[in-house]
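Protein chains: 2
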Amino acid sequence: MWSSIDKTVVEELSSIVGEDQVVFGVGRVEGYLLDETPLPIRPEPCRDVVVVKPASTEEVSAILRLAYRSKIPVFPRGGGTGLVGGCIPTRSGIILCLERMNKVTVDVDNMMAEAEAGATLHDLIEAADRSDLFFPPHPGDEYAQIGGLIACNAGGARAVRTGVMRNYVRGIEAVLPTGDVLRLGGKLIKDNTGYDLMQLIIGSEGTLAIITKAFIRLYPKLPFSITMIIPFDSRSAALKTVPRILRTGIMPLAVEYVERIPIEVSAARLGLEWPCKEGEAFLIIILAEQDEEYLYRVCEKLLDVCVESGSLEPLVAERRDEQDRILRIRSEIYTALKPSMVDILDVTVPPASIGLLMDKIDEISRSYNTYLPAYGHAGDGNIHVHIMREEGWDTAIYDEIRDKVYSVTLELGGVITGEHGIGFVRRRSLLRFSHPIYIDLMKKVKQIFDPNNILNPDKLLP
Amino acid sequence: MWSSIDKTVVEELSSIVGEDQVVFGVGRVEGYLLDETPLPIRPEPCRDVVVVKPASTEEVSAILRLAYRSKIPVFPRGGGTGLVGGCIPTRSGIILCLERMNKVTVDVDNMMAEAEAGATLHDLIEAADRSDLFFPPHPGDEYAQIGGLIACNAGGARAVRTGVMRNYVRGIEAVLPTGDVLRLGGKLIKDNTGYDLMQLIIGSEGTLAIITKAFIRLYPKLPFSITMIIPFDSRSAALKTVPRILRTGIMPLAVEYVERIPIEVSAARLGLEWPCKEGEAFLIIILAEQDEEYLYRVCEKLLDVCVESGSLEPLVAERRDEQDRILRIRSEIYTALKPSMVDILDVTVPPASIGLLMDKIDEISRSYNTYLPAYGHAGDGNIHVHIMREEGWDTAIYDEIRDKVYSVTLELGGVITGEHGIGFVRRRSLLRFSHPIYIDLMKKVKQIFDPNNILNPDKLLP
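Those sequence lines, one after another, are chains A and B.
Residue numbering for the first sequence follows my numbering, beginning at 1 and increasing consecutively.
Residue numbering for the second sequence follows my numbering, beginning at 1 and increasing consecutively.
Since the hints were made in silico from the structure, they are not lab data.
Since the model is a prediction, treat every value here as computed from it, not as a measurement.
Treat the hints with care, since some could be wrong.
To be verified - Short derived list, chain B residues pointing at chain A, Cβ under 7 Å: (1) Gly179; (2) Asp180; (3) Tyr195; (4) Pro220; (5) Thr348; (6) Gly355; (7) Leu430; (8) Ile448; (9) Pro451; (10) Pro457.
Claimed, not checked - Dumping the calculated SDA-like pairs for lysine to any residue here, alpha-carbon to alpha-carbon at most 25 Å: (11) B:Lys446 - A:Gly355; (12) A:Lys444 - B:Val181; (13) A:Lys443 - B:Gln447; (14) A:Lys301 - B:Glu36.
Backbone N, C-alpha and C define an ideal beta-carbon position, used for all residues, glycine too.
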C-alpha cells in the first residue's frame, strides 16, 4: 500500500508544485481532512495523506499523471463546506487542494466570469459586482469554492427563480485521471456538439475529473429588493400559499419555509429576536427586480395572495440591514442545531407535495417520539429534515428513521438528495433507493473515466 | 444481413404493436425516410426498413428487446424536422415512430407538463395554454415532437431569455437498447442523486436511449408583448447594440438579427413587404412581460439604448397580427433559401463575437465569390450561415467553405453546432474539430449504453 511517507512520491510532488506547497505529517494535515458533515455520521479521515497545492492546470495534470501511474488515490478538496463527507480522505493518498488556483476574471460584453476552481463563491460574487454584474444563484456558504460548487451542482435558496449551478456553468476545463485536459463548452449560450460530457461532470462529486476552471454566466444586477416574513397559523396554510404565489407569475428570488421552534433557537444563538410574535409557520420571501416601481407592484400582488390564503400580518423589510438580519437568522439554523444533530437531510419532492411530505415526517417524528426539525426551500420542494440525537439511541435507529424519511419522499415522486449529493454518507441509501440499472450505468461511466479508481474513491458510487 | 422482408421479425413486431401499426414495403415507407436536411447533403435513405408505431413504453421496450437480441438497427423518428439527417435510416432496420404516444397532461400545482415523446411542440404549447400556463422556449418548428426536441436539445430564438430544452426538462423516461426502462428525475426542481444520466441522454440524438416521456417545467403566461424592428445602417452598428441592451438588465424574449436581402426574399415569398424602407441590418426584438406598465417602461428603455447606439427609426408592433407578420417573415427565410441551398450551418460563438464572426464569413464569401446569407439568434451568439449552390461547383468546394466557417468559429471560442446537432452530416466535422480524447470518451459512453450499436447507427459518433 502506498503511504504518505513514500519519499519518492513526496519528492515528485514537490518537483511539480514546489516543496512549500506539499504538506504532510500527522498534525500538519489536520486542517485538510474534514468538511461540515455532522460528527455522528462522518467517516474517520485517513491521516496518512499528502496535501498538494497546485497553482495551474499543468500542475494538476502532472499530479494526476503521477497518481494514475502509481495508482494513488486523489481526494480533491475545495472549501470543505460539504455535508456528506464528499472530500474526506478515506484512504491513504493525495489531497488535491485547489485554493491557490483562485483567479476570477469577468468578460463584461459576454457577461461571463472565467473562474478557477479554487476561487470562492465570495470571490465570484465580488468580481461580478466590480463589473456591475451579478451571479444570481446563491448556492450556500460563500467560502465554498467554484470547483466544489460545480462538482456538487450546488443549489441553495434561489433555485426557485434562478436554478442551480448547472444552469450557470457554460464551459469547464477538467483534468482526467490520466492527466489529459478536457475543455468543454465555452462562453457560449448554446452548444450541441456531441454528448454533453460537461453536464455529466457537473454533479459527479470529484469522481470523474478534476474541474480546474469554468465559464459562468452572469446577469445584470437586480438593484431593488424586499424581504418579507409571512406568518401563518399552520404549516398547511403556509405551504399551500407557495404554488398560489408562483402561479401568479411572481418570481421571488427565494421562498423559504421555517417553523417557530428552530427559527427562535437560531435567533437566540445570534442574540437576536425573531420579529414575528404571531404564527407558527413562516414563509420568508425575497423579491428582487430591476425596476423599483415594478418591485412594489409585485410586492402588493404577493401580499394580496398571502392575505387571501389566510396569512397573519406580514412583516415587510426594505432596509438592507433589516433584510440581512432576517436572512442571518434563517442561515444560522443549521449551526444552531448542529451540536445536537445526527444528520441533515435534503430530500426533494415535487414542490406542491411539500406539505404532504412534512406531515409524513411529523408522523415519523411522533412514532419515534423524537423531534425532526424541518425547514427549507419551499419554492423548489427541497426540505432539510434534521435527525437529532436522542439519549440511548444507536446508529440502527437513526438509520431506520432516515430510511423512513427517504421512503415517504420516494412515494411522493421525490429523491433522496436535491442539493448535498451522495458523498461518502449516502452511498448505502443511493443503492437502496435507486434502480439497479442506474447504479450499473453509473459504475460503467466511472470505469471509462477513471479505470484505476483513483479519483475520490469511496464517494458517490455505492 | 437482416432485411425488412424477414417474415418472423415483421410478425414479432406485429404481435407487439398490432398488424396495422407496422408499415413496410417500398412506396409505403416513403413518408418516414427523410427530414428537413437540404437535399445536396442529406444521405440517401435505406428503403429496406419496417416502420413500427408503438403506443406505450412497454411496446417500445418489447421492440428494443427484439432488436437487441437480433442486432437490428433502430432509427427513432419524431417530427422529422431535423436539419442534419439525424433520423434518416442509413441501414436496413426498424424505424421507431413515436407519433402515437402523444399524450400531454399538465400538473397545474407543480407547473409541470408530463408529455409523451410523440406529442408535438404544438400539443405542449396548447396543453399549457389550456391550463393558463406557458412553455417559455420556442425551439423551432411546432410539429417537432417532444422526444426529438429533447434528444436534440433543441434551441430556437428564445434561448437568450429562457435557455434551451435542457433547461426545461426535469425528468425523463427512456428505454435502453436492452429494453430496460430508466426513469430519471421527476417533477423536481433539484436532484443531485448521482451522475446526471438524464443530462447525458438529452442531446444524445437517439444514440443512447429512446426517450418515451418527459416532465417539462412550465411557467405562468407572459400576457403582454411587443415586437420591434430596429434598423441600422451597418451590421456592426446593429450587432454592437445587442450586448448593450442585455447589460441594462432588459431581458428580451428574443433578439434576432437579419439583413436586407434574405429578409426581402422571404417577405416576397409570402407575398408580403418587409416594413422597413431604411437600413441594411435589423434587430428583431420581442419583449414579453407579466405586467403591461412594466412592459412599456422596458420598451422605452430599450428604444433609448438603440437610439444611443445609432439605430434608424424603429418600428414598434403591438397588435398581435402585426407582431405575427414580422415573425412569419423571419421564420420563412430558411424555406425561401432552401431551393438554392447546399447547407445551413448553426455555428455559435460567445455572443459579443457575433459581429467579428460575420465579418470573417463575409471575407470567406468574397474570397470564393459566393453569397453566404447569415442571420440568427444574436442574443445567444448562434448564427445560421447558408452555403448556396453555385454553377459548376462540386462537393469539395462546399466542404472547403464549411471547414473555413468552422475554423473561424473555433478561433473565436465557438462550436460547430449550437442547435442542430451532429446527426449524419456533421460527423466528419465533429471528428476534425474536436479533441481526440473527447471523441474517445463519447465512443466509450456509446459502448456502455448500446454495446450492439443498434440505436441510430451512423449518427453523432464519427
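To see whether the hints hold, each was checked on the structure:
1. Gly179: At about 11 Å, which exceeds the 7 Å cut-off, the nearest Cβ of chain A leaves the hint on Gly179 of chain B violated.
2. Asp180: 5 Å, holds
3. Tyr195: 5 Å, holds
4. Pro220: Result: holds, 4 Å to nearest chain A Cβ.
5. Thr348: 5 Å, holds
6. Gly355: 11 Å, violated
7. Leu430: Where the cut-off is 7 Å and the nearest Cβ of chain A is about 6 Å from Leu430 of chain B, the hint holds.
8. Ile448: Result: holds, 4 Å to nearest chain A Cβ.
9. Pro451: This interface hint is violated because 10 Å lies over the 7 Å limit.
10. Pro457: 16 Å, violated
11. B:Lys446 - A:Gly355: 41 Å, violated
12. A:Lys444 - B:Val181: 17 Å, holds
13. A:Lys443 - B:Gln447: 14 Å, holds
14. A:Lys301 - B:Glu36: 46 Å, violated
Violated hints for the displayed structure, listed by number in ascending order: 1, 6, 9, 10, 11 and 14.
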